[in-house]
Amino acid sequence: MITVEHLTKRYGPVAAVDDVSFTVEPGHVTGFLGPNGAGKSTTMRMICGLTPATSGSARVLGLPFTALANPGRRVGVLLDAGSQHSGRTGREVLTLGALMTGVDRRRIDTTLDLVGLTEREAARRVGQYSLGMRQRLGLASALLGDPEVLILDEPANGLDPAGIRWMRDLLSDFASRGGTVLLSSHLLREMEAVADRIVVIGRGRVVAEGHKDDLLRQAGAFARSTDDAALALALRQGGVGVEELATGGLAVEAEPLDVGRAAAAAGVVLAELRAADSRGLEDLFLELTADDARQQTRMEVPA
Amino acid sequence: MTTATPTRDARAARPGRARADVRPVSFSTLTLVEWRKQLDTRAGRWLLAVIAIITAGVLAVMMIVNGGNHSFAAYVTATTTPMAMLLPIVGVLAATAEWSQRTALVTFTLEPRRTRVGLAKVVGAIGSGLVLLALTIGLAALAHLLVVAFRDADPAWDFTARGIAYLALTVVLFMAQGVGFGLLLRSTPAAIVTLLMAPTIFGIVGGLVSGMADVLPWVDLGTASTPLLFDAPMSGEAWAQLATATLIWVVAPLAGGLWRTARSEISSS
Numbered sequence: 001m002i003t004v005e006h007l008t009k010r011y012g013p014v015a016a017v018d019d020v021s022f023t024v025e026p027g028h029v030t031g032f033l034g035p036n037g038a039g040k041s042t043t044m045r046m047i048c049g050l051t052p053a054t055s056g057s058a059r060v061l062g063l064p065f066t067a068l069a070n071p072g073r074r075v076g077v078l079l080d081a082g083s084q085h086s087g088r089t090g091r092e093v094l095t096l097g098a099l100m101t102g103v104d105r106r107r108i109d110t111t112l113d114l115v116g117l118t119e120r121e122a123a124r125r126v127g128q129y130s131l132g133m134r135q136r137l138g139l140a141s142a143l144l145g146d147p148e149v150l151i152l153d154e155p156a157n158g159l160d161p162a163g164i165r166w167m168r169d170l171l172s173d174f175a176s177r178g179g180t181v182l183l184s185s186h187l188l189r190e191m192e193a194v195a196d197r198i199v200v201i202g203r204g205r206v207v208a209e210g211h212k213d214d215l216l217r218q219a220g221a222f223a224r225s226t227d228d229a230a231l232a233l234a235l236r237q238g239g240v241g242v243e244e245l246a247t248g249g250l251a252v253e254a255e256p257l258d259v260g261r262a263a264a265a266a267g268v269v270l271a272e273l274r275a276a277d278s279r280g281l282e283d284l285f286l287e288l289t290a291d292d293a294r295q296q297t298r299m300e301v302p303a
Numbered sequence: 001m002t003t004a005t006p007t008r009d010a011r012a013a014r015p016g017r018a019r020a021d022v023r024p025v026s027f028s029t030l031t032l033v034e035w036r037k038q039l040d041t042r043a044g045r046w047l048l049a050v051i052a053i054i055t056a057g058v059l060a061v062m063m064i065v066n067g068g069n070h071s072f073a074a075y076v077t078a079t080t081t082p083m084a085m086l087l088p089i090v091g092v093l094a095a096t097a098e099w100s101q102r103t104a105l106v107t108f109t110l111e112p113r114r115t116r117v118g119l120a121k122v123v124g125a126i127g128s129g130l131v132l133l134a135l136t137i138g139l140a141a142l143a144h145l146l147v148v149a150f151r152d153a154d155p156a157w158d159f160t161a162r163g164i165a166y167l168a169l170t171v172v173l174f175m176a177q178g179v180g181f182g183l184l185l186r187s188t189p190a191a192i193v194t195l196l197m198a199p200t201i202f203g204i205v206g207g208l209v210s211g212m213a214d215v216l217p218w219v220d221l222g223t224a225s226t227p228l229l230f231d232a233p234m235s236g237e238a239w240a241q242l243a244t245a246t247l248i249w250v251v252a253p254l255a256g257g258l259w260r261t262a263r264s265e266i267s268s269s
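Chains as they are written, first to last, in UniProt numbering: chain A, 1 to 303; chain B, 1 to 269.
If we strip away everything but chain B, and leave its shape as in the complex, we get:
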């Protein structure tokens, strides 16, 4: 560390001499910054790397099992389960890091409109999710291509654009959900455990209570979003179920998290 006296530049003029170029922080700037914040730490980079590695691992196993003779759709589908479990964590971390690393103090003095920051986190997380989804689909295509070329698997490029759109929608929902839980609970472990446990608990309850089986698709996002993962046709009822489950598990926590962020006191401890 050097202890320099203030340099000539700093002495040059009255502080704040260049006011003309000051513009309000735009939402796109905010989103880009929030996106960068997901990637510029080791923890963030590792999380994304782990998701990519697990995806590649799942595909590698698929290529070995059963002579690798699976359709492109089967390869894509196989990767969605780890994605569905891990992607929301990216969203969770984007939100909880502000509190666990105490950066909220700085973030919200640079942009006091806290709801915009929260929404920028959602959009940034969705960006990360969609990039990972594209990467996954690319890897799945590569895997299928390899087994067709080298293991005499039957070429079956049966995954539709609709299927990809459905997966993209799932990513959007999961990312928004992750950020929502992160903003609401502010603790990384609490948010992750809640996110991962909730569907399991619902599943158990659904298995034990007979009446729950009818209600479950309406209130459990895991159940309601399953058709999206497998490129299954969505009936009107299925969309309605997705809507209600999304309301409960995505919209409500996100709204609550944004509300809590906007209302609460931001302090360093």
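This is chain A alone, in the form it adopts within the complex:
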């Protein structure tokens, strides 16, 4: 369980994170989305007590992160896979973690096995690791203390497709066993596949939060009938927005039930009637963060 309340971080006049509030529930993977520079990493660092908040608070398992006794055993954190000494071996990195948190050193092998690093790879120095291997090692460090909460910043970065699939399975499994996962990623399809709750931030503010399905569901209905023109007319007379689709059928800004009633009243036979298709996460993301995106293309001509 992670609770973020009115978290704000200012650098001079700039608010990198501006009054951000959300909760991350156990049993779910919560995806944390936003364009570059939106404040994701700053928010995650504040949750972990690495960056002091200007105002507001963040609690992990009911306490500020810095008040957790031996946080490595409660919360697994991976903020940057590059934050490992290049001169240490992977195994040594985990050994230090095990010594620090008091974890049985036998767990090092279990964890290496879990993240798919071989004995031989673990004996190599981190400086020789690929980004994907560093991510796996970083994840191993996070999982070493058998935590209840995972906080992961871009963990899929640098993983190959098989690695991404593996990561998804691992996180889903962790959440299904009652764990809490906060995960940031740029890979929207990946996020769509693994996260069941979504928090979107843009320019330091939360622009959307909720269940993925709710966020992706679009209002409106799709209808096809024996006489679309008549149906459209009837709907417009009722004050409902209608768009006649080039591919046939109508996109209606109303619930299917209302469309059905209008069709019955107008005596039009419906061939197909359903709620509008849910959009992809990518569409939602781009729509929500359009004003905040760093590289935006101006689409409309100034009036």
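To be clear, the hints were calculated from the coordinates, so they are not data collected in a lab.
Quick caveat, the model's predicted, so the values are computed rather than measured.
All C-beta atoms in this analysis are idealised placements derived from N, C-alpha and C, irrespective of residue type, glycine included.
Each hint should be verified, as a subset may be incorrect.
[Stated by the list, open to error] Just the calculated beta-carbon pair ranges, DEER-fashion:
#1 Ala69/A x Ala262/B: 16 to 22 Å
#2 Pro52/A x Gly203/B: 38 to 44 Å
#3 Gly138/B x Ala162/A: 50 to 56 Å
#4 Arg42/B x Ala67/A: 35 to 41 Å
#5 Ala255/B x His6/A: 32 to 38 Å
[To be verified] To give a feel for the contact side, a few chain B residues facing chain A, derived at Cβ under 10 Å:
#6 Ser26
#7 Thr29
#8 Arg36
#9 Arg42
#10 Gln101
#11 Phe108
[Unchecked claim] To list a few chain A residues with every Cβ distance to chain B over 12 Å, as calculated:
#12 Asn70
#13 Asp173
#14 Glu192
#15 Asp213
#16 Gln218
#17 Asp227
#18 Gly238
#19 Glu255
#20 Ala265
#21 Arg279
Since chain A is already given, all that's left is putting chain B on it; use the hints.
Same frame as chain A, now just chain B:
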């Protein structure tokens, strides 16, 4: 790299099933970890090895020069100069590696009480320093023993326990100073250059400005700690000078470094 599905063990139960054995990170654990971190990289091991090799080299030269006829004290003293220059670097690296290698992000999420981590680094560095000092004294004793046995040097075991205690105190001061500068400046080159240049600059200024000669022992740690290196008697005034110089060159940078570490933002870049 293999891509295994999560193993049976990981699926076994709710995450965090074994909460009973979770204890806060103790200071002794933290110190042992910080000590290990000084030794578990090639850079760290090489630095300590180089110090040992230079010490052995200095002793070897001593054994040749002048028929090797030097007292045990002379052998010990000869090794202290390279030690005094190189040991603080061990302390510097213990601190700066967290930033140059960006491990601070991990270190301070595992132990958010950052001042304790800083102090554990000081104690760990002092541990390394004292081990090296013991090794040096052992090597010096061996060197003296060899010249007595094979080169007919006069046996002179004149180094006192007080002298050893003084050297140990110097090690403590230098190590704390190294960690302090490392925490304060966060850059290995900047910290090392500052550490090595400061006494030199003080020496030059002291030679040029006539009034400085009286002030220097009070404000320059090199000058104030010299008697400690040579097992010279320390007067009350000498202790007072050591105290003020320590305040300026050890306590102040260490306090500043700990303060900076505790206050600042830990980020990956």
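Honestly, which of those hints from before does the structure not fit?
12 and 13
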